[in-house]
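*Asks:* So the protein lines, in turn, are chains A and B.
Each residue of the first sequence is one higher than the one before, starting from 2 at the first, in our numbering.
Each residue of the second sequence is one higher than the one before, starting from 49 at the first, in our numbering.
Hints are supplied without guarantee of correctness; some may be wrong.
[What the hints assert, rightly or not] For the chain B half of the interface with chain A, some residues (derived, Cβ under 7 Å), not all of them:
| # | residue |
| --- | --- |
| 1 | Arg138 |
| 2 | Ala185 |
| 3 | Thr188 |
| 4 | Gln189 |
| 5 | Arg206 |
| 6 | Arg211 |
| 7 | Ala216 |
| 8 | Gly220 |
| 9 | Val247 |
Please keep in mind that the hints were generated in silico from the structure rather than gathered at the bench.
These figures come from a predicted structure and were not determined experimentally.
Every residue, glycine too, gets a C-beta built ideally from N, C-alpha and C.
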Amino acid sequence: MLELAIRGSKKYYGWMLLLLGIIGVGFLFYLKQLDFGLGITGMSRDVSWGFYIAQFTFLVGVAAGGVMVVLPYYLHDYKVYGRVTILGEFLAIAAVVMCLLFIIVDLGQPMRLFNVPLYPTPNSVLFWDMIVLNGYLFLNIIVGWNVLEAERNGVHYQAWVKPFIYLSIPWAISIHTVTAYLYAGLPGRGFWLTAILAPRFLSSAFASGPALLILLCLFIRKTTNFDPGREAIQTLAKTVAYAICLNVFFFLCEIFTVFYSQIPEHMDHFKYLFVGLHGHGAYVPWMWTSLALMVLGIILLVNPLTRKNEGVLAVACVVIFAGTWIDKGMGMISGGFVPNPLHEVSEYIPSVPELIISLAVWCVGFLVLSALYKIAVSVKEETRA
Amino acid sequence: MDSSRRQILKFFGISALAMSTKPVLDAFAAGQAAGDAEANEHTQSGPDALKARQWAMVIDTREFHSLEDVEPLIEACHKIHNVPHLPVKRHEIKWIWETEYKHAFPMKGARFMAEDLQHRPILVLCNHCENPPCCRACPTQATFKRESDGIVLMDFHRCIGCRFCMAACPFGARSFNFRDPRPFIAETNKQFPTRAKGVVEKCNFCAERLAVGQQPACVEASEDKITFGDLYDPESKVRELIKTNYTIRRKQSLGTEPAIYYIV
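My request is simple: use the sequences and hints to build the entire structure.
*Replies:* Rendered as structure tokens:
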């Protein structure tokens, strides 16, 4: 089936070349980072994780979001999703690839990466994160590829694939739970030290992942002969609506506990993000924008009139994707580091090379996604022709 | 078809070659492993080495009044450990430094406390916690609590630079080499390793000095303002100070059991 990825229109080639070009530029900046060290980023002794780890965290969510089509289709035999499950699985593959790359570009000594499996350390959450992320990648490759190939050959997928499908469902939950545990178990980081962090991560994941999937479905319908189906898109929209409501609800639960208890070590991070602390407030406009976007998303998706209008739905999905991205891809990580353990404020602003390297990793993800979607759509067009 | 067959043959040829060299490599690896084991067997502490179940430190903050009182200690530590002076604040590396009471003990300050106490320089460093969250977080055991004496150590050669330990440390005790530190070391001490870029470092309680019977450098330079000893030896000087003075520790409520005690 791989040959389908390299046969395409001029537009397809142009798009892939554009991505490769940006990846090339990003790679040059990465070489610079390898040579100089992580000092070319905006990270510091106080904010020791930045944009890379934030993107990683957000994308784990996008990857986990794929389960929102896999679960209804395989567990509840919800046939409408038959056309889109492969899109969910392939989106998960591309997202996990980005996650792994963001971890690698964040390492100070990437050539020592294999020290993690060489010295297995079960008490480290990062060790488990390695297992769940790679496991999820392989599960989705195995399941997605085999099911699609069976469809292409006009047969039912083989029986041995079934256990992997079932396994991939709880596994999707696990990747974002473990990722939340990276942060939620650290003493002295009041912003993350909350049991609601994993649920919050999951709810934002189940909003952002399916929102992106809806946008991709709409794009595919417009540009190819394959229609993922109006009903599938509408059902997905309901999933996004519930998930984004839950996400804002969980956020408010956190706000209540933090501000009613008035414990400064927990409050100060929220103050820094939403109103500024000791004269520092680079993220204040971003955080309010994020909240406004999520609320707007709720209004547009909960109301059936707006949800059923596919134009408005597309806008709502962009709004929700952007809102959850700012929340997790910008505020969630640096917010936890400011103020620092000594209660000093040093702000983090990503550097230009850091942003270019991040953009390149996103482009790798979209390159993988484009190739995989090209294959999936070609097979669907073939079998329906 | 032919060309693909040729490629397959080529692939198998290279594989066979690789397999035939494997025993040789294994032999090398085995030799090295045996060497390691031997080295471990023979790694004994020297005749003068200082020993303890858990090293601990008592800092008498009443004895430190101005920056002049703390700078020689900081300098002594940073000099012998090849800690660089980096021009950019973001890239800063420090093993021991001074800060105000409200930063050393956030949420522990009384509001209208004595001016002297508010502004007195408080030395802060790795607490060598008895229950260290950094060691729990490290995915490669590059940072670990040495069982023989409780020092939290770093293996600079194993650290992958993920900085999980920095996020886990509630005391901000760890620094990361954001760039090659070597050009920024004024005078390199050949007795102690310099670090490469991309690894984390911090205070090691002068493990290398304890091994040859010397007190930690900051303790030596402090002229008895800092006391160092075994927390589990009832006869030790640190135990006596803890018993006879009211001492506090940084963020005790987090349960990490810091081994640095402060007399305020």
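*Asks:* None of the hints should be skipped; say for each whether it holds.
*Replies:* Hint by hint, here is what the structure shows:
1. The beta carbon of Arg138 (chain B) comes within 4 Å of a beta carbon in chain A, closer than 7 Å, and the hint placing it at the interface holds.
2. Satisfaction of the interface hint for Ala185 (chain B) is found here, the shortest Cβ-Cβ separation to chain A being roughly 6 Å, below the 7 Å cut-off.
3. Satisfaction of the interface hint for Thr188 (chain B) is found here, the shortest Cβ-Cβ separation to chain A being roughly 4 Å, below the 7 Å cut-off.
4. For Gln189 (chain B), the interface hint holds, the least distance from its beta-carbon to any beta-carbon of chain A being 5 Å, beneath 7 Å.
5. Interface restraint check: Arg206 (chain B) against chain A, minimum CB-CB distance 6 Å, threshold 7 Å, status holds.
6. Look at Arg211 (chain B): its Cβ gets to within about 5 Å of chain A, closer than 7 Å, so that hint holds up.
7. With its C-beta approaching chain A no nearer than about 5 Å, Ala216 (chain B) sits inside the 7 Å limit, and its interface hint holds.
8. The criterion of a C-beta within 7 Å of any C-beta in chain A is met by Gly220 (chain B), whose closest approach is roughly 4 Å, and the hint holds.
9. Here the hint on Val247 (chain B) is kept, as its CB sits about 6 Å from the closest CB of chain A, short of 7 Å.
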